[in-house]
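Engineer: Letter by letter, the chains look like this.
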Amino acid sequence: MVDSLAYTPQITLEFEIGEKDFFVAGECASRVKKTLQQLGLKQDIIKRIAIIIYEAAMNVAIHATSGRLVVHVEPDGITIRTEDVGAGIEDINLAMKEGYSTASYEIREMGFGAGMGLSNIKQCSDDLNIESRVGVGTTLNARVFFKDERRHEDA
Amino acid sequence: MNQYFHSVTLETEKCKGCTNCIKRCPVEAIRVRDGKAMIVEERCIDCGECIRECPNHAKVAVTDSLEKLSEYKYRIALPAPSFFGQFKEQVNIEDVLGAFRGIGFDEVFEVALAAEIVGYMVHEFLKDYKGKRPIFSSACPAVVRLMQIKYPDLLDQVAPFLTPMEVAARIAKEQASRRTGIPYEEIGAFFISPCPAKVTEMRNPMTTKHSAVNGVIGVNLIYKDIIRHLGDRSATGGSEKLQRATRFGMAWGYVTGESRNVAAATTLAVGGIHNVISLLEEIERGELKDVDFVELQACTGGCVGGPLNVQNLFVGRIRLRDLIKRFGTKESYFTEAELQDMYLQNRFAATEPVEPRAIMTLDEDVSRAIMKMERLDQITSELPGLDCGACGSPSCRALAEDIIRGIAFETDCVIKLREKVKILAKEILDLSRIVPPSMSGGSKEGNPGQGY
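Each protein sequence line maps, in turn, to chains A and B.
Sequential numbering of the first sequence, starting at 3, is according to this note's numbering.
Sequential numbering of the second sequence, starting at -17, is according to this note's numbering.
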């Protein structure tokens, strides 16, 4: 059986996100979506993951000066990680609240920065961890597990 | 019935095994094997791009023949809106409609008339719609099939209504049955089609369980017969007016016609399958949420550009526009109250959801799929990236996928093969230089055995 092999199969996808690069978020989400479709994941899981990726990448584009997104796929789940250099988050709990936003007027006028990003990410992920230092940057780690029948059988 | 029935097929004798079609196919559904193109049935969306592309005319669309008419007691022709663009300037609509009677149909019902109904339904639907935008047209079956395999995420945004072809068949057969007393089952409705995907749509409909259409006849098959009977009013006495569609329905024959008829606040219309793909990519990335309705047509220019039409797309479009100018009325055959009634009773609402078809999946098991993707990336990185198609797969990435799926080998790549041959040649050369010690005395060339 393949599952008993010594190594864990895995795929890593990486994207660079530039400051105010609002188009890259959609592109990241769409590329990961295609990969996950090829892996045969269920549509609702793919949708959740796409939302996390879109929102997380968008946060980097809006608030940071540079950053990257690393998506790591393993048989039992996916890890979505963003690392950025930028403003950082002063109060993470406050930032998680729906509608709380520090985005500039200019960005809000473009239709972004409504303060829903982090709460959306939280809702879609099974596990979320954010570390941030003001004036230095933020690292976000979100996980989604592929709870399919096969894993229950093995357990 | 074959689950993967397709209208688009290959005439094997004519195929020269070139790579034109595999490069052009929007869903990478064609491979060349043993010198012949081969359509991967489960991927094909019947867009007809390969029919247009093939320099040897080896790709054809299978449609029904006129002989099928004899299976029914009462026969109704359903000409597509674009059909009227196939004739010379002087022709008028009554002449074309009348000709159908001349070639064995009892009645003719314009699909343009049904298109107006669908346009009305979508317009009404959008008034109260609060969900994700944009809403996509469901009229082009090749586009909806494309979405099933490549954009499953967007399927719940497909307008939940039957296609004009389907609506036309239902109304025409019901009306005829009521008028003549002939049972519904003995009435045959035949779509006169510019499009191979409509044949597939009749056999395996996406938005309803069973199609009311009984046959699809290609424009290319029927055109000559129609020309011969143009203006032939013998069957009707020439008094009855046959045209009932307005300019709004007629305009569905070319791209933008439908979205204008739907008349939502913001609409977008795109023709050509490759343009459709780039737009869908954009929408999948989250763009265009402010657009209400998107009309997508697989053929450049819309249905006038259909691969079964006989007229050049641009000529067809200008002729159709001209006809609309001359004969297009604005007065609807159905009253507002009748249309509203059809809408409220869900008369032509889709009864089946359009399901995704996950044919791009590498393996049923996620673990194995990830492993295959690892290998896929590895193989792709080792291939030359020329996308030349000489291996019979449309691109290097596609070849890598075929290798993973076990239907191709790395040495199918001519560049890879050349590398291997080069290594082999070098080995042979090296070996040929080795001279047995017993014979190596006079040799001046370097020899592994010559240490002293």
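It should be emphasised that the hints constitute simulated quantities derived from the structure, not laboratory data.
Think of the CB as a built atom: it goes at the ideal place given N, C-alpha and C, for glycine as much as any other residue.
One thing to keep in mind: the hints can contain errors.
Cβ-Cβ distance ranges computed for the label pairs, FRET-style [unchecked claim]:
id: 1; chain 1: B; residue 1: Gly388; chain 2: A; residue 2: Glu133; range: 42 to 48 Å
id: 2; chain 1: A; residue 1: Ile94; chain 2: B; residue 2: Glu392; range: 45 to 51 Å
id: 3; chain 1: B; residue 1: Gly388; chain 2: A; residue 2: Glu108; range: 40 to 46 Å
Engineer: Honestly, do Gly388/B and Glu108/A meet the 40 to 46 Å range at C-beta?
Structural biologist: Between Gly388/B and Glu108/A, where Cβ atoms are some 54 Å apart, the hint is violated.
Engineer: Between Ile94/A and Glu392/B, is the Cβ distance one that fits in 45 to 51 Å?
Structural biologist: The hint (45 to 51 Å, Cβ to Cβ) holds, given that Ile94/A and Glu392/B are roughly 50 Å apart.
Engineer: Is 42 to 48 Å respected by the C-beta to C-beta distance linking Gly388/B and Glu133/A?
Structural biologist: Taking Cβ atoms as reference, Gly388/B and Glu133/A lie about 45 Å apart, which means the hint holds.
In terms of the numbered hints stated before, the structure departs from hint 3 and from no other.
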